[in-house]
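A.B. asks: Just so you know, the sequences run in chain order V and X. In this text, residue positions in the first sequence follow this note's numbering: the first is 28, and each later residue adds one. In this text, residue positions in the second sequence follow this note's numbering: the first is 10, and each later residue adds one.
Relax, there's no trap hidden among the hints.
Below, a list of computed lysine to any residue pairs in the SDA-like style, where the Cα atoms sit at most 25 Å apart: (1) V/Lys173 to X/Leu72; (2) V/Lys173 to X/Val74; (3) V/Lys265 to X/Glu308; (4) V/Lys173 to X/Glu103; (5) V/Lys173 to X/Ile71; (6) V/Lys173 to X/Leu83; (7) X/Lys185 to V/Val65.
Simulated from the structure, these hints should not be mistaken for lab results.
Listed below, chain by chain, are the residues.
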Amino acid sequence: MPRTATKSVPAHRIAEISLWRRARNQAATSFAVATVVVVLVPLVAIFAYLVYKGLGSINWAFLTQTPKPPGEAGGGMANAIAGSVLILGIGSLLGVPLGIGAGIYLAEFGRNRFGDSIRFVSDVLNGVPSIVIGIVAYAIVVLRQKHFSALAGGTALAIMMVPTITRTTEEMILLVPNALREAAYGLGIPRWRTTLSIVLRTATSGVITGVMLAFARVAGETAPLLFTAFGNQFWNWKLGQPTAALPLQIFTYAISPYDDWHRQAWAGALVLIILIVGAVAAVRVAVRHGTLGGVM
Amino acid sequence: MANQALPRPQVPGPQPVAGAGVKGAQGTRVSPLVSAPDGVMADRAFMGLIFSCAFAVLLILILIVYELVLRSQLSWHAFGWKFFGGQDWDPVSEQFGALPFIYGTLVSSLLALILAVPLSIGVAVFTTEMCPRWLRGPLSFTVELLAAIPSVIYGLWAIFVLVPILRSYVQPFLAKSLGWTGLFSGPPYGIGMLAAGIILAIMIVPIISSITREVLAVVPQHQREAALALGATRWEMIRMAVLRNARAGIVGAIILGLGRALGETMAVTMVIGNRPEISASLFAPGYTMASVLANEFSEATGDVYLSALIEIGLALFLVTIIVNALARFMVWSVTRGTPVRSNA
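Pulled out of the complex, with its shape left as it was, chain V reads as follows (with noise of 0.2 Å):
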């Protein structure tokens, strides 16, 4: 940093002091230096550990298999890999629209009271803890159909979803320059049609990034789950049944006594860390290619 010495301090008081001060300026810098340092450690070992064990453990009987009973080695996490896919499905299939049309009245109508209130409520949402929201998916789906099943956990999913959905799509459509709007009112356009076929499709590929900031989010949940979705052993498709989900697998895996589950388990991280990156990463390109220009 530049300093310049004033006239009225002698220069030898000045060589005092700043050495001081630089020594503690030095301290500093490179306690922020090995602060970054710790906190890079455990996410390369993290993900080095996910590699190297996951690798390792991936094979064509896990990928296509269901789980052989406690004990036997072998088997696989094949239903479950499909449970997610469906539990995730219906969680976005009640998440997303719910979220989308939340974000769109708080960026198009929400300045004023009501609006500051439903952006108040779901940023409270977003810091309720997961597994409070499993308990209130039981209590509204498990209790009536008196039944764990996929509904249950998608439930739960969705509600999780829902509040970042609503957040990053008001963001982005309040993006959309005003003249858009203006232009279209001035050709006569009604007011849902410029919303829709302007507005929103102007910020598709900011709302479509929100939605997958949502989904990676609640992809590898688990605790809204233990008593939604629940698990299973073997396949199932229906929604009103227990299903197997990735997450739970794994988490039942890491915590058994056996090591062939171990084994499953971090291949069961690779594969969920996989899907996640692989479906943000394909919906990107997506966008950037314009093929989902034209959905909304």
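Assemble chain X onto chain V, guided by the hints.
C.D. replies: Chain X only, in chain V's frame:
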């Protein structure tokens, strides 16, 4: 609702034009997108639709509160306030006290904060104030990757990597050097409060550091320049001009991290040991509110048992809401007025 719903009031113009446009369209079609007289009806229907979406968000919160309060009544009537002070957790004789879980949640979260706060602030300061511009984006992206890893994968990693390291290296060392404090005594299982605190710390670093970064980014540039112009070193500039200005926001970020730590379930459940005991030693196994829910909820037999668990859920919900509202308010008090676009 439709009457007061103006399109962003700060911008003059669009409203009257819109009204005139729709009416004028009745006779002559100006554009293919213009629909005929039923435009007003469609507008109303659309408004109704998205209004109900927004209302549904509110409804979800109401539903959460309603279900939690309703279904914890049984336990509330049976134990009252004693529920939060009792130490017994005995499903067989239907005696329920949540104190060990509350203790476990608080201790593991505080431990996580103690570890995570200096790290997060260091990372945030480094990214906003010290590192070369080209490194900023990649670095913050990498740290935020930590937030994208699912909780269960943290738990998996903790069981098979962190816990063995703690057991064979860290805990013996701590016991030898700091055993006299009483915090690090007892057999080094690896699994226990310490492991839970460390894994939680790793998980909340990205949250605290990304919000701190946002807060630091809105400190006006001229404050920095003024400090430097007065002859401050870089650290003095950061301390006096940046950190002091952003104080409230940083505290908010820390509280937000606390909120996350309090409710975190899977990773903690996998390493904390799941024993409802209160012990001063961080080596001892513990239990948290979230993990007792994860472990026992689906197996809870008996209405009182289930109700007691839901009451724990209600308590957890209320605490995290208060913590989060407080944090949002503090972050907002710093960033308000400035459009927050982090410079990452």
